[in-house]
Structures are given as C-alpha cells and as structure tokens.
Amino acid sequence: MNWLSNFIRPKISSLVGAKKDVPDNLWQKCPSCDGMLFHRDLSEAQNVCYHCGHHLPVSVTERLAILFDDGAYKEIKVRPVPVDPLRFKDRKRYTDRLKEAQAKTKRADAFIVAEGTIKGQKAVIMAFDFAFMGGSMGAAVGEAILVGAQTAVAHKAAFVVVPSSGGARMQEGMVSLMQMPRSIIAVNMVKDAKLPYIVLLTDPTTGGVSASFAMVGDVHIAEPGAMIGFAGKRVIQETIREALPEGFQTAEYLLQHGMIDMVVPRKELADTMGRIIEILMVKAKPYSPKGKSGSGSGLGKFVKGKANGAVEDKAKAAGAVAKKAGIAAKAKAIKEIALPRELSNEKPNDAQENVQQAGQEARAA
Amino acid sequence: MSQLEFEKPILELEAKIIELQNMSGDAGFNIADEISRLRQKTDRLMVQTYSKLQPDQIVQVARHPERPHALNYIEAIIEDYTPLSGDRNFAEDDAIVGGLGRFRGQSCVVIGHEKGHDTQTRIKHNFGMARPEGYRKAQRLMDMADQFGLPVITLIDTAGAYPGVGAEERGQSEAIARSIEKCLRIGTPIVSVVIGEGGSGGAIAIATANKIYMLQHSIYSVISPEGCASILWRSATHAKDAAIALRLTAQDLKELGLVDGIIAEPLGGAHRHKQDTINSVADYIEKGLKELSGLSPDALRKHRSDKFIAMGR
Ligand SMILES: [Zn+2]
Chain A
377 MNWLSNFIRP KISSLVGAKK DVPDNLWQKC PSCDGMLFHR DLSEAQNVCY
427 HCGHHLPVSV TERLAILFDD GAYKEIKVRP VPVDPLRFKD RKRYTDRLKE
477 AQAKTKRADA FIVAEGTIKG QKAVIMAFDF AFMGGSMGAA VGEAILVGAQ
527 TAVAHKAAFV VVPSSGGARM QEGMVSLMQM PRSIIAVNMV KDAKLPYIVL
577 LTDPTTGGVS ASFAMVGDVH IAEPGAMIGF AGKRVIQETI REALPEGFQT
627 AEYLLQHGMI DMVVPRKELA DTMGRIIEIL MVKAKPYSPK GKSGSGSGLG
677 KFVKGKANGA VEDKAKAAGA VAKKAGIAAK AKAIKEIALP RELSNEKPND
727 AQENVQQAGQ EARAA
Chain B
8 MSQLEFEKPI LELEAKIIEL QNMSGDAGFN IADEISRLRQ KTDRLMVQTY
58 SKLQPDQIVQ VARHPERPHA LNYIEAIIED YTPLSGDRNF AEDDAIVGGL
108 GRFRGQSCVV IGHEKGHDTQ TRIKHNFGMA RPEGYRKAQR LMDMADQFGL
158 PVITLIDTAG AYPGVGAEER GQSEAIARSI EKCLRIGTPI VSVVIGEGGS
208 GGAIAIATAN KIYMLQHSIY SVISPEGCAS ILWRSATHAK DAAIALRLTA
258 QDLKELGLVD GIIAEPLGGA HRHKQDTINS VADYIEKGLK ELSGLSPDAL
308 RKHRSDKFIA MGR
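These protein sequence lines map, in sequence, to chains A and B.
So that you can map any letter, position 355 of the first sequence is 731 in my numbering, and since no number is skipped, the others follow by simple counting.
So that you can map any letter, position 230 of the second sequence is 237 in my numbering, and since no number is skipped, the others follow by simple counting.
Just so you know, these hints were derived from the structure itself, not from any lab.
It should be emphasised that the depicted structure is a prediction, and the values quoted were computed from it without experimental measurement.
Where is the CB? At the ideal position from N, CA and C, for every residue including glycine.
Incorrect hints may appear among the rest.
[Said to hold, decoys possible] A few chain B residues that face chain A, going by a derived Cβ cut-off under 8 Å, partial list only:
#1 Leu27
#2 Ala168
#3 Arg254
#4 Leu263
[To be verified] Quick look at which bits of chain B chain A covers, simulated, 3 or more residues with Cβ under 8 Å:
#5 91-100
#6 169-183
#7 224-232
Okay, chain A solo, but in the shape it has when bound (with noise of 0.2 Å):
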C-alpha cells in the first residue's frame, strides 16, 4: 500500500499563503512586550519575537518546514473515518462546523501527518492543526495518530507527535473520548518496537489530549510559554476559589514540577530531537562495528562484546565515532551512560573508575 502522497515544500507555499493573508498588515504587535514586529522578519524568525524571545503560535504546515530537514517531508494519508458519528448540533450542526472549518484550513480534519528526516533521523511526525476547531481530537485524529505509529514502526522511524489542543472533541461525545486508549495504544506500538516516541508539547496541550498519548512520551520537550494541564484554569478556580500561583500550567512550571523534560526554543527544536533519536535509535539499527553508519548509537552492544579490552581505548573510539556523527558535545554523556560495570575484572586504572561509577549511576537511572 502507498501511503505517500505528493511531496512537499511548505517553507514556499507557507510564505505565498502568508502574503496573500495579510497585505495590509505588515506590522503586528508581540503580544509579550508590544514590541513591533515586521511580518518578514517575524517570519525568518519562526514567528518568535526578536525583542523578548516570546513564541508565537505557528502554521502546522511552518511547524513541520522548523522541524524536518530543508523543510521537505511527504504527507501520509490517513484513511477517512465515519464522520459526526452522534449527529451532533448545538447552535450549529457539527457537520457544518466541520465544512467550516475545512474550508478555512483545507484539511480533512485537525492533523497532517508526515515523514522525513530530523538532522538526518528518519522520523514520522503527527501534529495537530490547532485552527482546526481548536485542535480537538475526534476519531479522525485518533486515526491520524495511529496511521502515524503504524507508519513509523514500518519505516523503522521515530515517532514525534506534536499536540496543539484544546481536548476531546465534544461533538463527537464519547467516541473522542474513547481516543484516549486508542492513541495510546497507538503509541504502545512504537515503543514494542523500541522505536523513540517523542512528544514535543506545543501551546496550548490540554484536557483528554494532554491526559492520553501526550504525557507516555519516551521524551517530553516543550516550546517555552506553551499552556500544558488536564483542567481548565477557570474550572479549577471556580473549584478552589483562590488565586492561581504564577505562570501555572506553563512549560517552565511543568518543567518544575516533573513532568517535562525540558523546555526547548523553537529554533534548537530540530537539532535536540534529531540528537535524542540518534542516541535512542541502538535496537532500530544494524550494529556496525567499524562505525561506517557513523552512528555512536550502536557502541553499547560494542562495548559488551568485547569486555576485556582497554577501557580507555575503547572510550576515545565511542567519543570519535560520536564527534563524527556530530554530536562532538555529547560524546562524554555517550562513553559514561553506554559503558557497563562489568566490563572488566582487571585493576582499575582511572579510566576504568570513571565507567565504573559511570556504570552504577546509568544503573540507577
């Protein structure tokens, strides 16, 4: 089966699309510190503003240009699903909500799903279209995410989802909530097959999408600002009646309190997740001996194979395999987390002692 369609090159048609809609607006306001900011070099600086570092929302169509290679990826189709399963209407009927909102954003529903390559790593991305009745994830976007996963465990890729959602979709009831699993289970299918699931939480990551897939990452990254909880801030004031502490729910509070491993600008987005693919991607790749995949992501399995050898030599050979994978600055990281504590019985010179301790605290973590 084809699951490839056209071939892409948003970077261009991003900035036709962005010219087309805003002729008479050259200027807008950041909406952090009021500076002003002219939509050219806004846009060169993927629309985070060049006086204070505030990140503007982004297109889904810009997002993936920021995070595969030279902005090239193929989208994947994802087969339709039984649309307004509950026919629903409150002051409008969901089916038109629906046209509107494809209409406005030519897409079947709240997703694109691609494929390509971060810093050279091949990877599947599933990320949400936010102006798309506000990213809600229906049954559409549950398929979306499973023909994401389905995609990267036959590509042998990473699996990134990036969310940019309010929640489940109230207009298709308990079938969006029902997502919940079914994502999950989606998910579960990269990580059987030992493949990186990397979540990169944008603004705003809320409700059933924040309390499903998003928060079962192998790595969790945040833009920084991004708006990220299970309830809503008004529900919750309303319960504790108290003023909310400062910069609640933001990536950085999340950040503090556990559960996100970190707060990436967008501008170094693609080069850490390319690294952190690298690194995860041992069991996805042949073991090369002689470094020819200049991967330093197969020396682990080097390492314990050959257990007597010297230690030292061995930890020059990962951290030169590493700088040539260019990933120079991590190749200390590299020689103390891959090197086993029993990889040798004999004295323990001083190179030995740092794999050592290297060894007990991998083993720890």
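Since chain A is already given, all that's left is putting chain B with the ligand on it; use the hints.
Frame of chain A, contents of chain B with the ligand only:
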C-alpha cells in the same frame, strides 16, 4: 432522602401511603383499600415516568445520592475484601478505593470511585473526584493483579478527575494517561461497570477494559452536560439540550457500539432497590469474567487493543 424534581408526584404518593400506614387500626378496611389504591396509582406513575426518562433526567438518577456506591457493591459482592492504600509516592487518595478479595469464589482485585454517602464520607472521598495519587494507586493495584494473575473489577462513578492546583502540579494528566496505559498492558481480564456517573478522563482511566457494562440509568460522557452547554451554548441552562446531544445514556452508548451491555435497573431506579441492583451488577461481572476466561495474557491484551482501535472506525 434528597428529591429529584421529576419524581415529586411519585414521592408525594409514597409519603401519603406511609402516612396512612401510620394511622393503622381505627378505620380498618377502608384504609387498607385506600393504601392499595394509592399503591396501584404509584406503580402506574412509576412505570409512566421511568419508561420514558429523558437524558437530563437520567443524569439526575445517575447522580442520585441514594444510589448504591462502589463501597456498597464491594461490601455486598466481594468476600474477604481487604482494602489496600496509597500510591507509594505521595499520598492515599480515598476518591479511589480498592483492594483484594474474592468475587463469587474467584480471587480478584477490585477498584472503584467512591463518592461517599454523607457529608463526612463525601469529604473523605473527595466526592469521588480523584487526584493523581488515586490513579497511581489504581496502577499499583493493576500491577499486582497482573503479577498474581487476578482479574480486575472496576466500578466507575465519578464526576471527573479533581481539578486542583496540587493535582495539576503532581501530574493529573500523566497519572490518567499512565492508568489507561496500565489497563492496556496487564495480562489479566478487566471488567468495568459504570454504576453511576462516568465522568470523562477521570472515568476512562480505570475503565479501559475488556468488558464495559453500564447500569440502565448510569451515564458516561466526555464532558458534563453543564460544561458542554456552557461552552457550546454559552449557557449552562442548556444542559438539557447538551444531555441529549452528547448521547451519554447506556442506550446511546450501546447503539454506538462503545459498551458491551446494559444492566437493567429495577423499576424506579437503583436508589429504590439497592440489593436487587447490586445482584444484577454481580451477575454481569460474572458473565463478563466467564466470557474472558481461558484467554491468554496476550489474547486479553489483543482483545482490549482491537476493541478500542475499532472505536472510531
Ligand atoms: Zn516580544
């Protein structure tokens, strides 16, 4: 006993009957006749009312404070119930109760949301709204079930996970997500019964099961009708419309293929007939466990996966 608005005519008749019964003796046969006449009238009214309950009325019945709660079921159907406490991390959360015991002779783990039945117990159980610790305790118990090959019975009855500052700080989202993940991962059967209110993520956290049954007048919804109305209709006064639109009744969810069965309640609802309701629920749990017996751990996991993957196709 707190009163439901739509039950008022029934309750008035019931009060009158009690009044007559207390008069006793004097007027003899006339009173007995009158009582039996009123009884018939009450029964007719009950049938009329309960045969065509509207979704918003079912919401009220599902939340009725006299409805049997998780601990009522556990006390009645779990022999040698041995409650277990704590998430081994931060705290004990009484909004989720659970422990070990035997269900009709079968060793099992039982977990449920407990709302409490009076002011004191409602506060103790936080009205059935769990904090992260509750979901982490549930995970612990499911791990234990997996370890010792015990089936898991879960009783669902919550307005939702607790929305508080501390709950958010300690990872309410993560706790719910991991609890769902745990439900999917364990290799023993899980049978869930929605006994009252199935409130969104806080409910599904322990209801990602092989078999999901709903009591006839229970509800299961992605959002409360009040919450939905205030967002989509911009006014909570439209809760009645939202209750219809959300399709949150047992009948609706059976039709949508999202639950496995409806457990009939005696006429007049579970709050009038606790023991009969509890017996019916127990029969369904037994039926569910029997249907799952003999399946290997992998087959049980696959059964759960296939079941939920199909929801939305
Ligand atoms: Zn600024």
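Verification of the hints:
1. Leu27: Cβ of Leu27/B sits 45 Å from chain A, so the hint is violated.
2. Ala168: Status holds, d = 7 Å.
3. Arg254: 5 Å, holds
4. Leu263: 6 Å, holds
5. 91-100: This one is violated; 0 residues, fewer than the three required, reach chain A with a Cβ under 8 Å.
6. 169-183: Since three or more residues must qualify, the claim that chain A covers the stretch 169-183 of chain B holds, with 13 doing so at under 8 Å.
7. 224-232: Answer holds; 4 residues pass the 8 Å Cβ test.
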